[in-house]
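> Protein chains in written order, with this note's numbering: chain W, 1 to 178; chain A, 179 to 761.
Keep in mind that the hints are not guaranteed to be accurate.
For the chain A half of the interface with chain W, some residues (derived, Cβ under 8 Å), not all of them [stated by the list, open to error]: (1) I319; (2) M323; (3) Y383; (4) A505.
In silico DMTMM-like links for lysine to aspartate or glutamate, alpha-carbon gap of 20 Å or less [said to hold, decoys possible]: (5) K61/W / D483/A; (6) K510/A / D60/W; (7) K406/A / E540/A; (8) K334/A / D13/W; (9) K510/A / E67/W; (10) K605/A / E579/A; (11) K376/A / E71/W; (12) K494/A / E67/W; (13) K406/A / D539/A; (14) K555/A / D539/A; (15) K510/A / E57/W; (16) K61/W / D504/A; (17) K550/A / E470/A; (18) K61/W / E470/A; (19) K61/W / D515/A.
Computed Cβ-Cβ distance ranges for the label pairs, DEER-style [stated by the list, open to error]: (20) S161/W / V202/A: 24 to 34 Å; (21) E761/A / S161/W: 56 to 66 Å; (22) S161/W / G320/A: 25 to 35 Å; (23) E371/A / T37/W: 29 to 39 Å; (24) I147/W / R513/A: 45 to 55 Å; (25) S721/A / T26/W: 27 to 37 Å; (26) M53/W / V202/A: 28 to 38 Å; (27) D483/A / I15/W: 29 to 39 Å.
Read the hints as simulated data drawn from the structure, not as lab findings.
Built from N, CA and C at the ideal position, the CB exists for glycine as well.
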Amino acid sequence: MQKEYTVTVYTEDRIGITNRITIIFTRRGINITSLTTAETEIPGVYKFVITVMSTRELLDKVVGQIERLIEIHRAFVHEEDEVVYQELALYKISTKALHTAGDVEKLIRENNARILTITGDYFVIEKTGHQQELVDFIKKLEPYGLIEYTKSGRVAIVKWSRRFHEHLKELDKSVASY
Amino acid sequence: MQQKDVLPMKAEKEADKRLDVKPVITGAEALMRSLVAEGVETIFGYPGGAIMPIYDALYDFQDQVHHILVRHEQGATHAAQGYARSSGKVGVAFATSGPGATNLVTGLADAYMDSTPMVCITGQVAASLLGTDAFQETDVIGITMPITKWNIQVTKQEDIPAAIAKAFYIARSGRPGPVLVDITKNAQVGKCEFEYKKCEFIRSYQPIPELDNEAVTAAAALINSAKKPYIFCGHGVLIAGAENQLLELAEKAQIPVASTLLGLSAVPVDHPLYGGLLGMHGNYAPNMLTCECDLVIAVGMRFDDRVTGDVNTFVKQAKVIHIEIDAAEINKIIRADVAIHADAKTALEALNKLIMPARHDEWLKEFEVGHKKEYDKVQHRELYPETGEIKMAEAVRLISEKTKGEAILVTDVGQHQMIASRYYRFKNPNTNITSGGMGTMGFSVPAAMGAKMGAPEKEVVAVIGDGCFQMTLQELGTIYQSQIGVKMVILNNNFLGMVRQWQQLFFDKRYSSTEMTNPDFVQIAKGFFIPGKKVSAREDLSSAIDEMLATPGAYLLEIVVEKEDNVFPMVPAGAPVSSIRLE
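For reference, chain W alone in the conformation it holds in the complex (with noise of 0.2 Å):
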């Protein structure tokens, strides 16, 4: 049955990587939904965290030809349960609406955001959460005049990742070939 999952990708840092990754799941047709990539506490060993919409059975298969790549560490799926995971967005509300349109104050509060900044024409809010708590919170913003909403892919922990953890620590000592 397809649902949401989360693969993770450790890499070696080189120029492509994001390209080889990604064609294998084009050749399987599997869309990617969000990517975010970003160094690990591991100087030169990058972390892919990858959400798409598709089955067990054949991201297992996808992950075993991802870690076929001479420059990839390792390749996990995971079940929603199995990652610690937040996204980001950012929404952009008119200032002018601010002052007409009800209780900015107790809005922010209640859902757990922030203002970034603001200037005489919009001012920025910044939410984490869950994809589906981000795009309520669109909804919430509304009457407030929404000019522009961003999110974020997906940055995620996952709950056993402590024994590859060591192993990757372990990479560190020996140095990255060319």
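Once you have looked at the hints, place chain A on chain W.
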């Protein structure tokens, strides 16, 4: 004649050694020295603008490296594949940027599918021009990413030796495959200090998996208790050099062995436990008995759809042990009850220690029954016809007999390939070279060239379809120029025979674009100064093959065969293996 140029360089090298200083040389020379350090003796290639500095450096290495000038870059890749498969070394091809690089694509994809170690070096426009649509610029890294085991663009001369070291290490280790190194022109001409260190370790890559002894024990228990065990022998057995270990397992427990297309020649065809060829056009008994066995021991094979037919019915009644070096192949198509992630040799050596001697006489007899059925219905009339046009199978039988099964057989793709694979009686390992996974028409002429370069002491016979021959026949120019003694046999039915067969069986005989009006192949060979002959009568066939084999150097024999001959047995695509047809 080039001695004058070579000598000062040698003297220079000696001087470098004495003074213990790193020589300062161009990137192009660094590449050549790196290739020599990797033991490269033969390169197949084609020059052009962006790779000219490398060809200029090559000029000074002619006493160490033999460059074969091909007639098309695709030919260079297939030749490098043939060379790799016959010699066990890494095949090397050179091409220029742009069209030179894109012409490598088919060969790279073929080598990737068939796990062939190959390093392709392409020239590239100068780094300053990258991404600007410069003359003959193409994004070869992007293009070849999904069809190479690894690729890299080198834009600085000092990075060349390490890139080459890594390329060779990756190409030949683990599950072998093709690697492409794209070198920008500025890096070829720029100077750098040269030092070469072989690559033996990449921290994100484990080509030698740790053997799981529990899996080995579990596999041994399954084998020791099986009533109808069955070994599938794949290409991985040949790549790992595990032919003896495989036979030890088979003989110890009296287990029949069937081969995949690329596994052919790992087990001698006349071995009493050899059960035949698996797959769509394989033998009747080994296919049917996949439905009867209670244990499959799949060694170095990947359950290609041409082997399994309908995967939902394939070996469903049996337990499966899968020995495979590429973890991504395990459970990809067929779920393994026990998976041993290792190369075939390591796994079989460990396994053989735990195997109890056993007999499976009744089980082995079932193969004989199936063989008899196939022989009576198909093979006898194919191999020993007395009337009508020449059959492909009788030609292959004669070639097999006259070469004593000891030639390197290179086949192209189609009916002739299936017939040759079915009826050539292989005696020695690594004597079957064909395009299995990709099914690349036009493979055999250049691959045979490479195979002969890789094993000059062996007879190399290419069996070619008339359609295939016309895809790469320009390589006759290479064969003539470099005096490569390959024997080429065209089985000419004036049809794209395999497609025609499918049209006959599955498309109501609507022969859409499969009939060929062919040229005079012998005249074409003559144009390249290659002797040849055409036979169409049965009584001339045997002596024509004798003449071909007796003629020194290259030879082209055109055999006109039955126009609408079909290959049987046949498992229709996607159907259960049990639906195999004998007619």
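> Give a verdict on every hint.
Results for each hint:
{"no.": "1", "hint": "I319", "result": "holds (7 Å)"}
{"no.": "2", "hint": "M323", "result": "holds (6 Å)"}
{"no.": "3", "hint": "Y383", "result": "holds (5 Å)"}
{"no.": "4", "hint": "A505", "result": "holds (6 Å)"}
{"no.": "5", "hint": "K61/W / D483/A", "result": "holds (16 Å)"}
{"no.": "6", "hint": "K510/A / D60/W", "result": "holds (9 Å)"}
{"no.": "7", "hint": "K406/A / E540/A", "result": "holds (9 Å)"}
{"no.": "8", "hint": "K334/A / D13/W", "result": "holds (18 Å)"}
{"no.": "9", "hint": "K510/A / E67/W", "result": "holds (14 Å)"}
{"no.": "10", "hint": "K605/A / E579/A", "result": "holds (11 Å)"}
{"no.": "11", "hint": "K376/A / E71/W", "result": "holds (18 Å)"}
{"no.": "12", "hint": "K494/A / E67/W", "result": "violated (28 Å)"}
{"no.": "13", "hint": "K406/A / D539/A", "result": "holds (10 Å)"}
{"no.": "14", "hint": "K555/A / D539/A", "result": "violated (25 Å)"}
{"no.": "15", "hint": "K510/A / E57/W", "result": "holds (9 Å)"}
{"no.": "16", "hint": "K61/W / D504/A", "result": "holds (12 Å)"}
{"no.": "17", "hint": "K550/A / E470/A", "result": "holds (17 Å)"}
{"no.": "18", "hint": "K61/W / E470/A", "result": "violated (28 Å)"}
{"no.": "19", "hint": "K61/W / D515/A", "result": "holds (17 Å)"}
{"no.": "20", "hint": "S161/W / V202/A: 24 to 34 Å", "result": "violated (48 Å)"}
{"no.": "21", "hint": "E761/A / S161/W: 56 to 66 Å", "result": "holds (59 Å)"}
{"no.": "22", "hint": "S161/W / G320/A: 25 to 35 Å", "result": "holds (32 Å)"}
{"no.": "23", "hint": "E371/A / T37/W: 29 to 39 Å", "result": "holds (35 Å)"}
{"no.": "24", "hint": "I147/W / R513/A: 45 to 55 Å", "result": "holds (53 Å)"}
{"no.": "25", "hint": "S721/A / T26/W: 27 to 37 Å", "result": "violated (56 Å)"}
{"no.": "26", "hint": "M53/W / V202/A: 28 to 38 Å", "result": "violated (56 Å)"}
{"no.": "27", "hint": "D483/A / I15/W: 29 to 39 Å", "result": "holds (35 Å)"}
The structure is inconsistent with the numbered hints 12, 14, 18, 20, 25, 26, although it conforms to all the rest.
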